[in-house]
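The task is simple: from the sequences and hints, build the whole structure.
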Amino acid sequence: MVKQLCKSLIALLMAIAFTIVGSDIAQATSNTVKYTENGLPISINSGLNFSGGLQYADGELRFSLKNGTSNDQLNLTSASNSTAKGAISVDNCGSIFLGNGSGTNRIGSILETEDGTNGKPLTIRFSNPLTNAGFETGDLTGWTAFKENYNTVQNLDGQSIDYDFSKSGLGTGTGNIIVSTPSDSKPTYTISITEETVGSGNYALRLVSSGHINKPRGSDRPSGNGSLHGPYVRSDSFEAFTGDSITLDFSAQKGDDAYEVFGFLIEAGSDKSFGTADDTRTELFSKRGDKVPFNSVSATIPKDGQYQFEFVCGTYDKTGGLAVGASLFIDNVRLVSATSISDDVIQNITDQVTYNNISNNPNTDTRYLNITRKTANNKTNSTTVDLLLTAVNDDPTIITNDGATVNEGESVTITDANLKATDPDDDDADLIYTLSAKPSHGSIQVSGQNTTQFTQADLNAGLVTYIHDGSETIADSLSFELADSGKDGVTPIVGTFNLNVIPQNDIPVVVNAIDDPMTYSRRPWNFPIPSNNFEDADGDNLELTASLANGEPLPAWLSFDSDTGIFSGTPSNADVGTLKLTVTANDIQGGKVSTGFVLTIERGNYPPEVVNPPADQSAVMTQPLSFTVPATTFSDADNDPLSLSGSLANGAALPTWLSFDPATGKFSGTPAKSDIGTLYLVVTADDGQGGQVSDSFSLNIKSLLSLKETYTNPDNGHIYFLTKAATWTNAQTEAQEVDGNLVTINDETEHDWLWGTFGTAEQFWIGLNDVNDEGTFSWISGQDFDYEYWHPIKPDSGDYGGEDEDYVVMNWRDIREPGDGWADVENDGPNYGDPVPGIVEVEPESLDYSLNGDSDSTVCD
Numbered sequence: 034m035v036k037q038l039c040k041s042l043i044a045l046l047m048a049i050a051f052t053i054v055g056s057d058i059a060q061a062t063s064n065t066v067k068y069t070e071n072g073l074p075i076s077i078n079s080g081l082n083f084s085g086g087l088q089y090a091d092g093e094l095r096f097s098l099k100n101g102t103s104n105d106q107l108n109l110t111s112a113s114n115s116t117a118k119g120a121i122s123v124d125n126c127g128s129i130f131l132g133n134g135s136g137t138n139r140i141g142s143i144l145e146t147e148d149g150t151n152g153k154p155l156t157i158r159f160s161n162p163l164t165n166a167g168f169e170t171g172d173l174t175g176w177t178a179f180k181e182n183y184n185t186v187q188n189l190d191g192q193s194i195d196y197d198f199s200k201s202g203l204g205t206g207t208g209n210i211i212v213s214t215p216s217d218s219k220p221t222y223t224i225s226i227t228e229e230t231v232g233s234g235n236y237a238l239r240l241v242s243s244g245h246i247n248k249p250r251g252s253d254r255p256s257g258n259g260s261l262h263g264p265y266v267r268s269d270s271f272e273a274f275t276g277d278s279i280t281l282d283f284s285a286q287k288g289d290d291a292y293e294v295f296g297f298l299i300e301a302g303s304d305k306s307f308g309t310a311d312d313t314r315t316e317l318f319s320k321r322g323d324k325v326p327f328n329s330v331s332a333t334i335p336k337d338g339q340y341q342f343e344f345v346c347g348t349y350d351k352t353g354g355l356a357v358g359a360s361l362f363i364d365n366v367r368l369v370s371a372t373s374i375s376d377d378v379i380q381n382i383t384d385q386v387t388y389n390n391i392s393n394n395p396n397t398d399t400r401y402l403n404i405t406r407k408t409a410n411n412k413t414n415s416t417t418v419d420l421l422l423t424a425v426n427d428d429p430t431i432i433t434n435d436g437a438t439v440n441e442g443e444s445v446t447i448t449d450a451n452l453k454a455t456d457p458d459d460d461d462a463d464l465i466y467t468l469s470a471k472p473s474h475g476s477i478q479v480s481g482q483n484t485t486q487f488t489q490a491d492l493n494a495g496l497v498t499y500i501h502d503g504s505e506t507i508a509d510s511l512s513f514e515l516a517d518s519g520k521d522g523v524t525p526i527v528g529t530f531n532l533n534v535i536p537q538n539d540i541p542v543v544v545n546a547i548d549d550p551m552t553y554s555r556r557p558w559n560f561p562i563p564s565n566n567f568e569d570a571d572g573d574n575l576e577l578t579a580s581l582a583n584g585e586p587l588p589a590w591l592s593f594d595s596d597t598g599i600f601s602g603t604p605s606n607a608d609v610g611t612l613k614l615t616v617t618a619n620d621i622q623g624g625k626v627s628t629g630f631v632l633t634i635e636r637g638n639y640p641p642e643v644v645n646p647p648a649d650q651s652a653v654m655t656q657p658l659s660f661t662v663p664a665t666t667f668s669d670a671d672n673d674p675l676s677l678s679g680s681l682a683n684g685a686a687l688p689t690w691l692s693f694d695p696a697t698g699k700f701s702g703t704p705a706k707s708d709i710g711t712l713y714l715v716v717t718a719d720d721g722q723g724g725q726v727s728d729s730f731s732l733n734i735k736s737l738l739s740l741k742e743t744y745t746n747p748d749n750g751h752i753y754f755l756t757k758a759a760t761w762t763n764a765q766t767e768a769q770e771v772d773g774n775l776v777t778i779n780d781e782t783e784h785d786w787l788w789g790t791f792g793t794a795e796q797f798w799i800g801l802n803d804v805n806d807e808g809t810f811s812w813i814s815g816q817d818f819d820y821e822y823w824h825p826i827k828p829d830s831g832d833y834g835g836e837d838e839d840y841v842v843m844n845w846r847d848i849r850e851p852g853d854g855w856a857d858v859e860n861d862g863p864n865y866g867d868p869v870p871g872i873v874e875v876e877p878e879s880l881d882y883s884l885n886g887d888s889d890s891t892v893c894d
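Under our numbering, the letters of the sequence shown match residues 34 to 894, in that order.
By construction, these hints were calculated from the structure, which means they are not laboratory data. Predicted model only: the values in this text are computed from it and were never measured. For every residue, glycine included, the Cβ atom is placed at its ideal position computed from N, Cα and C. Take every hint as true, because none was put in to throw you off.
As a list, the in silico SDA-like pairs of lysine to any residue whose alpha-carbon atoms are at most 25 Å apart:
# : residue 1 : residue 2
1 : 320       : 182
2 : 324       : 188
3 : 412       : 235
4 : 180       : 301
Computed Cβ-Cβ distance ranges for the label pairs, DEER-style:
#  : residue 1 : residue 2 : range
5  : 544       : 609       : 30 to 36 Å
6  : 73        : 125       : 18 to 24 Å
7  : 72        : 401       : 16 to 22 Å
8  : 462       : 401       : 29 to 35 Å
9  : 403       : 457       : 26 to 32 Å
10 : 446       : 72        : 40 to 46 Å
Structural data, given as structure tokens:
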């Protein structure tokens with residue numbers, strides 16, 4: 034620190050007066066520049082005076098530090114009133130403006146690569162580079178590339194062009210342009226950024242044209258042969274003002290043949306839109322030849338407006354062989370303000386340049402600031418200014434104080450990972466910790482020796498140790514003061530370093546045995562371990578685990594929740610027996626204890642259940658019944674085999690006509706007419722383990738009439754149906770099976786109802802016959818014969834069948850006598866023995882049973 038102060042003092046004493054003068058004027062002015070660490074930026078001009086009467090448009094002003102560091106910063110600031118005459122201001126893009134009393138004029142810009150930051154020079158160019166005008170981004174940012182023939186934009190055929198073939202012996206002169214077209218093989222148009230051929234900086238734009246043209250073929254001559262134009266580039270638009278100067282550097286060289294290159298400045302016109310008819314193109318250069326090194330061309334902006342650059346790479350067929358190729362290089366495009374840049378402007382800019390250093394511990398060696406002004410024609414003048422830095426002392430800072438953890442009765446090394454301070458002015462060996470309060474339950478040692486003082490360097494080297502005294506404590510601490518050797522007069526920093534003491538662990542113990550529990554198979558079992566089973570003297574939270582007594586995992590059906598200490602699971606019948614279990618308590622500090630118990634599992638039974646109740650059943654008298662209880666009716670959770678039995682719902686035995694097979698679960702039998710009605714049956718499943726379940730269903734026994742498609746006459750309430758086609762006697766038998774007879778037709782109303790119900794097209798047996806007394810007809814039902822409807826030629830007692838025509842059909846017809854009616858025919862049927870259906874009539878009021886419990890009859894009006 035003392036050496037630094039001495040250096041600063043010497044530099045201050047050696048500060049000299051300096052003058053920046055023109056080539057013909059000399060004037061000395063005293064100057065002293067001094068910067069103090071962490072201070073605000075200072076002006077580097079403390080009496081500088083520029084003179085000489087030079088102009089610097091398209092020149093530059095450069096500030097560079099010799100002996101500088103990356104912490105040194107040069108910055109151009111803006112005047113408080115930027116529009117005041119002569120005031121300097123700068124915007125966020127680095128453009129520099131000169132106040133004219135009512136506004137500002139753009140006069141230049143800060144070079145992007147030398148902006149004064151982090152030890153770099155600060156270079157101010159009195160021109161405004163356009164977007165990526167020097168191509169220093171290494172790409173085409175700010176430019177649009179067109180890898181195509183230029184003739185579609187502008188056909189230059191017939192225009193004159195200067196040429197220079199001095200190197201090939203053809204001299205210089207002016208020729209004409211003959212625009213040719215590419216041959217069948219497409220030309221090669223290349224646009225790239227190059228580092229090999231540049232005007233200034235690191236990069237330049239390169240356009241390459243190569244290929245073959247169709248014609249004219251000629252001799253080796255500077256003019257008269259064909260040219261190929263393309264590719265070309267176009268810049269983004271930019272704003273320029275009347276009198277501004279456009280300057281750029283270009284170079285061209287031949288490839289397979291001579292170059293023919295062009296540069297244009299495009300003004301957008303009154304519509305301020307490019308690509309329209311009012312665009313104006315100003316030719317910046319047009320040149321043909323072997324090679325031209327980088328040279329500058331300039332143009333003056335004629336009026337305020339929006340502009341673009343357009344550069345075209347072409348190639349001239351100098352040899353006449355139709356093979357062409359050349360390159361165009363563009364670099365350092367810039368816009369120079371029309372505003373005069375005089376010594377006064379240089380003076381005002383210098384007044385606005387500041388210096389500062391961003392380090393907390395800067396190198397205090399004297400900086401040498403070189404200020405160079407350069408005109409457009411590269412006339413330069415430089416001087417060197419000394420910058421003196423004065424350092425100030427910084428307080429040390431604690432950046433880490435995380436404490437440490439030690440086991441009871443043991444030691445821990447305290448390192449910079451636990452406690453770390455920093456001071457930009459001092460080394461770690463100069464940062465001294467002094468104990469203001471010793472630890473209460475231990476001591477501090479450095480390299481094995483008790484101490485009350487240590488340095489940051491000791492911490493970094495792992496030399497500082499805390500030794501616990503073994504007492505039953507969970508925390509300790511030490512208080513300290515930190516100073517940087519005490520030589521800078523800075524008040525020490527105070528702090529406390531905390532130590533977490535981990536007590537020695539006590540192993541948990543079993544204080545209450547676990548009683549042996551019992552459960553049943555097929556029953557959920559939940560068993561919490563008593564909370565007072567284990568005890569830990571340290572009060573540690575105990576982690577419980579469980580296993581079989583032999584150390585193997587619990588069976589799949591059994592789980593143990595370590596958080597709640599609960600066993601849970603459901604054993605199966607296969608698990609009946611005893612299970613020896615062990616519970617272990619772990620204090621997570623290395624202490625464990627176990628205890629065991631025996632779980633007895635006895636067989637448990639679940640009675641069977643009805644899962645699919647059997648559906649109600651029906652049967653018909655005199656017809657066999659067979660119904661099997663579905664196998665899915667019952668379910669048994671224990672998978673016990675089930676035995677079935679059947680009975681009436683009131684517990685009585687089944688009627689004699691109905692039997693039940695326990696092996697198959699089948700009810701079978703044939704009910705008689707007397708059994709018509711509803712039986713309520715019960716089927717019982719028994720699992721053989723004391724579990725039973727029953728379910729009931731109904732069995733509805735119907736008469737044979739329930740099987741028929743019946744019709745009820747609303748006038749008399751009688752039921753009617755058709756038999757199958759049969760003889761008269763068989764049809765009557767079928768009628769008697771349902772306690773009826775073939776129909777008795779008592780009047781015309783009933784006759785009409787029969788026609789309306791069964792139709793007139795088909796012949797049907799009716800109950801009329803003269804079996805007992807030939808010629809005397811009577812109803813089989815025994816009712817009086819009061820109504821008849823014979824066919825006109827019937828009865829005939831033999832004309833169509835002999836004396837055996839004793840049975841009557843309705844709807845009979847004869848071809849000899851139209852019409853229909855009743856007819857007596859043979860038992861086998863009319864038409865020489867064709868069987869026909871009979872109409873059966875049943876009188877419900879004569880029955881001593883219910884037909885089916887509900888009516889299936891269709892009432893017909």
